[in-house]
Amino acid sequence: MLHKIQNKAIGIAGCGGLGSNCAIALARIGIGKLIIVDFDIIEQSNLNRQYYFIDQIGEPKVDALEYNIRRVNKDVKVEKHHLKLDSVNIPEIFKNCDVIVEAFDHAAMKQMIIETVLSEMPDKYIVSGSGMAGWGNNNDIKTIQYDKLFICGDMISEISETLKPLAPRVGVVANMQANQVLDILINLM
Amino acid sequence: MKIILNNTEESFEKDILTITEILKLKNFVFKMLVIKVNDKIIKKNEYESTIIKDGDNVMILHLVSGG
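Going down the list, the sequences are from chains A and B.
Counting with my numbering, you get residues 1 to 189 for the letters of the first sequence.
Counting with my numbering, you get residues 1001 to 1067 for the letters of the second sequence.
Derived from the structure by calculation, the hints contain no laboratory data.
Glycine included, C-beta positions come from ideal geometry on N, C-alpha and C.
Possibly wrong hints are sitting among the right ones.
A few chain B residues that don't get close to chain A, going by computed Cβ distances all over 12 Å [as the list claims (entries may be wrong)]: (1) Ile1016; (2) Glu1021; (3) Lys1053; (4) Gly1055.
The following label-pair restraints were derived from C-beta to C-beta distances [said to hold, decoys possible]: (5) A:Lys74 with B:Ser1011: 49 to 59 Å; (6) A:Lys4 with B:Leu1025: 20 to 30 Å; (7) B:Lys1043 with A:His106: 11 to 21 Å; (8) B:Lys1002 with A:Tyr146: 14 to 24 Å; (9) B:Thr1020 with A:Asn187: 29 to 39 Å; (10) B:Lys1031 with A:Leu188: 26 to 36 Å; (11) A:Asn73 with B:Glu1013: 52 to 62 Å; (12) B:Thr1008 with A:Asn187: 15 to 25 Å.
Throw the hints in and build the complete structure from the sequences for me.
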């Protein structure tokens, strides 16, 4: 069953805490293709949760993530875009994806991509993350489904000055997203 | 009226309500929302003018920052 995911393409919208960890998980299980998109550059502060290394600080996230994916699984095709996603370029960049992973940090961007996919690309599956700041409360993290939209997280824990996004909880949600992607792909087969 | 709100059947006393009225009745105070009524996305400037009636399928999703 699992070998069939070699023909599947997944869009990763944002390569921060959610996107980098979700992409690596999908690479490890042998996904066919990842389309990774991010405009940002790696900073020291990202290393508390994002799948990058000290010697990659200053590099564009899409370049470093492509490199890290290749170190895990060189058979994964990687298409990278170093740009900011918006409601105009999302339908074009992700048109050949089987599932889109929403992996932004700002709620306004999460809203933008969900509205864009639901209205412009109604046949696409989208797996989003919302509510993962802080620590503990393992059992509050869940997945809610609305038709082809899935939301992973606790739905309420927003980042703030006192509530940071940290590797354990962000990693849980990123891997839940990867797990949901895999489940969608297997159900499509 | 009875509607489906976030995958659950809910009853309201009135026969029609706007999105703004439903948000107030349900005490949904989050700022960043995605609202879908019967497969149509409703933007913020349409909350006042969008009427919800019996049998509608409504998704009100709130999003918080972090990732």
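For this session: Hint by hint, work out which the structure violates, then give me just those numbers in ascending order.
Result: 6
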